[in-house]
Amino acid sequence: MKSASEEAVNAAREGIMLAKPEQGRLAASVRVWITNAAVLLAFVLLWEATAQYFESPFIPAPSAVLRAAIKLLIQGDVNGHTLWAHTGMSLLRVLAGFIAAAVMGVPLGLLMGLYPGLYRGTRSLIEPLRFIPPLAWIPIALVTLTGFTRYVFIIWLGAFFPIFVATLVGVPRVEILHKNVALVHGASRSWIVRKVVIPSILPDILGGMRVGLGVGWMCIVAAEMIGGESVGLGKLILKYAEMLRMAEIVVGMIIIGLCGLLMNEVLLVIERRLFRWRWEVRL
Amino acid sequence: MKNKIQVAVTQRFNGLTVFDRLQFSVRENEFLCVLGKSGCGKTTLANLMTGLVPATQGGVTIDGEPVNPKRHELAFVFQEPSLWPWRNVRDNVNIGLEIKQVPRDEAGRRLDEMIELVGLQGFENYYPYQISGGMKQRVAIARAFAVDADLILMDEPFAALDAQTRQAMQAEVLRIWERLKHTVVFITHSLEEAIYLAERIIVLSDKPATIKGDFVVEVPRPRDFAHPGFIELRKRLGELIGVW
Ligand SMILES: Nc1ncnc2c1ncn2[C@@H]1O[C@H](COP(=O)(O)OP(=O)(O)OP(=O)(O)O)[C@@H](O)[C@H]1O
Ligand SMILES: [Mg+2]
Numbered sequence: 607m608k609s610a611s612e613e614a615v616n617a618a619r620e621g622i623m624l625a626k627p628e629q630g631r632l633a634a635s636v637r638v639w640i641t642n643a644a645v646l647l648a649f650v651l652l653w654e655a656t657a658q659y660f661e662s663p664f665i666p667a668p669s670a671v672l673r674a675a676i677k678l679l680i681q682g683d684v685n686g687h688t689l690w691a692h693t694g695m696s697l698l699r700v701l702a703g704f705i706a707a708a709v710m711g712v713p714l715g716l717l718m719g720l721y722p723g724l725y726r727g728t729r730s731l732i733e734p735l736r737f738i739p740p741l742a743w744i745p746i747a748l749v750t751l752t753g754f755t756r757y758v759f760i761i762w763l764g765a766f767f768p769i770f771v772a773t774l775v776g777v778p779r780v781e782i783l784h785k786n787v788a789l790v791h792g793a794s795r796s797w798i799v800r801k802v803v804i805p806s807i808l809p810d811i812l813g814g815m816r817v818g819l820g821v822g823w824m825c826i827v828a829a830e831m832i833g834g835e836s837v838g839l840g841k842l843i844l845k846y847a848e849m850l851r852m853a854e855i856v857v858g859m860i861i862i863g864l865c866g867l868l869m870n871e872v873l874l875v876i877e878r879r880l881f882r883w884r885w886e887v888r889l
Numbered sequence: 016m017k018n019k020i021q022v023a024v025t026q027r028f029n030g031l032t033v034f035d036r037l038q039f040s041v042r043e044n045e046f047l048c049v050l051g052k053s054g055c056g057k058t059t060l061a062n063l064m065t066g067l068v069p070a071t072q073g074g075v076t077i078d079g080e081p082v083n084p085k086r087h088e089l090a091f092v093f094q095e096p097s098l099w100p101w102r103n104v105r106d107n108v109n110i111g112l113e114i115k116q117v118p119r120d121e122a123g124r125r126l127d128e129m130i131e132l133v134g135l136q137g138f139e140n141y142y143p144y145q146i147s148g149g150m151k152q153r154v155a156i157a158r159a160f161a162v163d164a165d166l167i168l169m170d171e172p173f174a175a176l177d178a179q180t181r182q183a184m185q186a187e188v189l190r191i192w193e194r195l196k197h198t199v200v201f202i203t204h205s206l207e208e209a210i211y212l213a214e215r216i217i218v219l220s221d222k223p224a225t226i227k228g229d230f231v232v233e234v235p236r237p238r239d240f241a242h243p244g245f246i247e248l249r250k251r252l253g254e255l256i257g258v259w
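Protein chains in written order, with our numbering: chain U, 607 to 889; chain G, 16 to 259.
Bear in mind the hints are in silico, worked out from the structure with no lab data behind them. No experiment lies behind these values; they were computed from the predicted model shown. Honestly, I wouldn't trust all of these hints.
[As the list claims (entries may be wrong)] The calculated label-pair distances, taken between Cβ atoms and stated as ranges, are:
id	chain 1	residue 1	chain 2	residue 2	range
1	U	Ser730	G	Val68	31 to 41 Å
2	U	Arg726	G	Asn18	28 to 38 Å
3	G	Pro96	U	Ala643	49 to 59 Å
4	G	Gln179	U	Ile640	38 to 48 Å
5	G	Gln116	U	Ala644	56 to 66 Å
6	G	Lys85	U	Pro713	22 to 32 Å
7	U	Ala643	G	Gln136	40 to 50 Å
8	G	Phe28	U	Leu698	30 to 40 Å
9	G	Asp177	U	Pro713	26 to 36 Å
[Unchecked claim] Calculated Cβ distances over 10 Å to all of chain G for the following chain U residues:
id	residue
10	Val684
11	Ile732
12	Leu748
13	His784
14	Glu835
Backbone N, C-alpha and C define an ideal beta-carbon position, used for all residues, glycine too.
Put together the whole structure using the sequences plus the hints.
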């Protein structure tokens, strides 16, 4: 008997070794890096060619954008704010709005998921709200809010619903069998929420957060359009738009894209750490 | 041995009568197999016996009290894989102990014992996605036997395994049961599995299911498929049931 189970143990160990070919994985990730670098290079070349072909001040060449970026970094913009200041300020605003959205969206989604009556009873209010673009809120934000809260409000509007909805729809999808395991052993409802429901929907929540973060960044230009201050990546773009200086505008666009990418990567790393069990089975 | 569990239920699902006054009892520390065709209500019976589903009429009592997962110590090895994917092997075995708030050092001792008993030493930190189907059912069995259960229900736990693994697992369950002695209700649709494992076999009829037969298995252990008693009982059960 012992030997039979030992055999099974060994067989399973081998199975795991086969399933994790570390070297193959490394080679694959190198290939992904190379492909991405090649795609980026091709894009820049195409961009350069387009710029040279048109020779228009409205289509800045990559080199012009790079020069503008360096100048913004060192000397700053027309108001003397450097690119660092713009980036730092926008990051802070997006993070604040995003955190506010997560702090409210997750518990509210969980609550309404656990008590569907609450959701059904408030549906007629919540669902229409979800479809109003954050941009449409700008006039109201202008007259009711001041300073930092304006930015946070607009970004919160964009980030809240993806997080809230992901949490809300995750709850009823928790495996009944997983709940039954706990029920058979006599678990209380609150124990099941803590130990079954939350671990089950955590991947959904993180997914919702990544979407919410993206929407939050998309709202930054709108948010900074109404904020009075002259710092922020969105503001940078707006300022240079008035002067029709495309190179600086493109710098702002690229930095927004990079910030979004970086924050997304951070969330992905957290996701991979927390949900190794789930990540590894993905296709 | 005294009767530990009394079942007397009628169960309907919007018009479909699954059990019509189904009655039987299980003795303390008995290994009872329930045989029945697919769809006759075996899983429903298991759900009733563990209090997961309330009976339409009647009910199940353990030691004279209506079954209640909070008061009784119950365990269930489900037909489908039921490990929590976010917990490793050891923490999966621990679920019942954790819910019943067994003190830490005692829980630790029992976990070690159970993991050794099912031969999963060295795999404590593996996650369900890293182990085979057979090993997953071993974990589920360890989880069930880890608590000092009044009743352990096993609902076709080996149906998804290949023949060889299945045999090894049957022998393993018997070994664990002989060592720890709990009341086990093992549901299956395999005659051989029932005869190999059970002290007593009850046979469910088609819906609405009632007890069609009740057999004490007297074949000596360890049981051999070629033993005349085994063959004889297999024949009698086969005739009773007809073609599966
Ligand atoms: N919640 C439910 N609502 C309606 N009908 C149900 C429900 N649960 C079970 N049934 C019905 O009860 C009958 C018995 O189902 P059950 O799952 O208990 O069968 P089973 O004997 O376990 O079958 P198998 O061997 O295939 O697992 C089936 O006809 C099924 O459709
Ligand atoms: Mg079933």
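**Report entry** Hints violated by the structure (listed by number, smallest first)
**Finding:** Failing hints, ascending: 2, 3, 8, 9, 13.
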